[in-house]
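Listed below are the residues making up each chain.
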Amino acid sequence: MQTVIPKTSAALLSLLRADFKTQWRNRRSVVLLLLVPVIILISWKGLIEQMNKAGKNGGAFALSSCITIGLTAIGLMGYSNAIARDRDKGVFQRLRVTPVPTWSIMASRLIVQLLLILLVTTFVFIVGSEYDKVNLTPAGYVLTYLTAFVGGALYLGLGQMIVGLVKNAETVNSTTRLVYFLFIMVGMFGDLGVLGNEFQKIIRWTPYGTVKNILASSMQPSNWDNTSTLALLATLGYALLFSFLGIKNFKWNTN
Amino acid sequence: MNNQSGSSILQVDGLNVSYGSFHAVRNVSFDVKAGEIFGFLGPNGAGKTSTLSAVEGLLKPQSGTISVAGFDTKKKPLYAKANMGVQLQATSFQPELTVAEIIKLYAGIYCVDLTKEKLQNILEEIKLESSSSKRFKELSGGQQQRVSLVIATIHDPVLVLMDEPTTGLDPQSRRQLWERMENMRDKGHGILLTTHSMEEAEAVCDRIAIMDHGNVITIDTPQSIIDTHRNNQAVINASRRGKITLEDVFIGLTGKTVRT
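In order, the protein sequence lines correspond to chains A and B.
Residue numbers for the first sequence follow the working numbering, beginning at 134 and rising by one.
Residue numbers for the second sequence follow the working numbering, beginning at 860 and rising by one.
The reader is advised that the hints may include incorrect statements.
[Stated by the list, open to error] Below, computed lysine-lysine pairings styled on DSS-like, alpha-carbon distance capped at 27 Å: (1) B:K986 x A:K384; (2) A:K154 x B:K935; (3) A:K300 x A:K381; (4) B:K919 x A:K334; (5) A:K222 x B:K963; (6) A:K178 x A:K189; (7) B:K892 x A:K222; (8) B:K963 x A:K381; (9) A:K381 x B:K919; (10) A:K222 x B:K1102; (11) A:K381 x B:K933; (12) A:K154 x B:K996; (13) B:K919 x A:K140; (14) B:K919 x A:K300; (15) B:K996 x A:K300.
No wet-lab data here; the hints were simulated from the structure.
It should be emphasised that the depicted structure is a prediction, and the values quoted were computed from it without experimental measurement.
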């Protein structure tokens, strides 16, 4: 009898179809994921004008902050919780006994997350343009999309690290909420200088600060400087470190 | 299925599985033939599920070889997996997907051409045509088992692995599942199942292996095992109705102590 190994591309297509359907059925959580950065962007209209008057680029500051918040939510609230839940329920074990390479199971999940990154970034651009009248050059838009993927990789890596180090789905949920809250509150207020100058300097080199920096710099490509390059390298470093720890410690089941 | 009945489709030799310092499976060897239902019996923690998980490729054995349809699971894991269908103990599918979508997903993974008519036929065969748009968790235990079995066999594998498939089923659903297993055997599939039910082992298994503390104690047909051990004092002591049953032999060989 001849054994036929299913084509990885065909299997990946089936997995993608199922993962997109799953995401579509969870569209309420996607709406919530989009709402947080959009609400912040709308509420910062006054702040953008104030910063512009003070000679700072308020538009880039607001858009980069909101995209960073959206990316944090995707990696921490969406991806890691979905992985923890499916691992807990045995969904991965069922897929692992099929003749598909295990990387394709995760690749399918990550492709869906990349689409969400695209969606959040686009939403922030649209609201920024329509409501706050913040518009970028075509190069600025393209570069920002690219850096949003790099920043997204960092937060997906962070989500992977949490789901790798924490086995219990409920604990993953509470840990990601706590980390998300810390990132948003400390990152945002620290970046605004509310928590003091020293804290503001430290925040710039945290995963929140480096992602925000590369996004803000991408929005004005002419302003890209050495600090932006260092922030990009730091972002890539964080992404690699988190992903390495997340993949190394990841268990496909909770038993 | 055109497998030659009697030829080995699963060959396990000298299998050892450990979890840290705990040696769960010790030098286990057995084979499953085409057109045979092979039962794995043992108390909790005997090593049944660990053995099955090693065959399924879900855990790496410390030593030993496993070959499915002639393919070594270490050297050719995807070929081995393509030749087996698996029904896990706690099967779960993405809770957002409907029954029809789950079947389509696995048909796609195995590159099985599934037309609307074929899907309809499958759903009719498992009496779930009116539940195709239901989510898996909304089905009863018996319905869930039928869907799991359809998915395990959607690619017509030579070997079907079933981990305690009748646990929690009512007598009607259990009988129906036994009939499905017997139909598969008649078509030439080899079936390896683990069970705690002696009634099930006697009713459907052609051969059984009794495991305890990671070792295979005995392998034979249910009747031969009873005949071989009927004069064993521990078995006689375990007998409750004067007549020696498979359960008496099982208790006699594995002891009366409740395992956790």
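Hints versus structure:
| no. | hint | verdict |
| --- | --- | --- |
| 1 | B:K986 x A:K384 | 36 Å, violated |
| 2 | A:K154 x B:K935 | 32 Å, violated |
| 3 | A:K300 x A:K381 | 13 Å, holds |
| 4 | B:K919 x A:K334 | 48 Å, violated |
| 5 | A:K222 x B:K963 | 20 Å, holds |
| 6 | A:K178 x A:K189 | 14 Å, holds |
| 7 | B:K892 x A:K222 | 32 Å, violated |
| 8 | B:K963 x A:K381 | 32 Å, violated |
| 9 | A:K381 x B:K919 | 16 Å, holds |
| 10 | A:K222 x B:K1102 | 43 Å, violated |
| 11 | A:K381 x B:K933 | 21 Å, holds |
| 12 | A:K154 x B:K996 | 17 Å, holds |
| 13 | B:K919 x A:K140 | 25 Å, holds |
| 14 | B:K919 x A:K300 | 20 Å, holds |
| 15 | B:K996 x A:K300 | 23 Å, holds |
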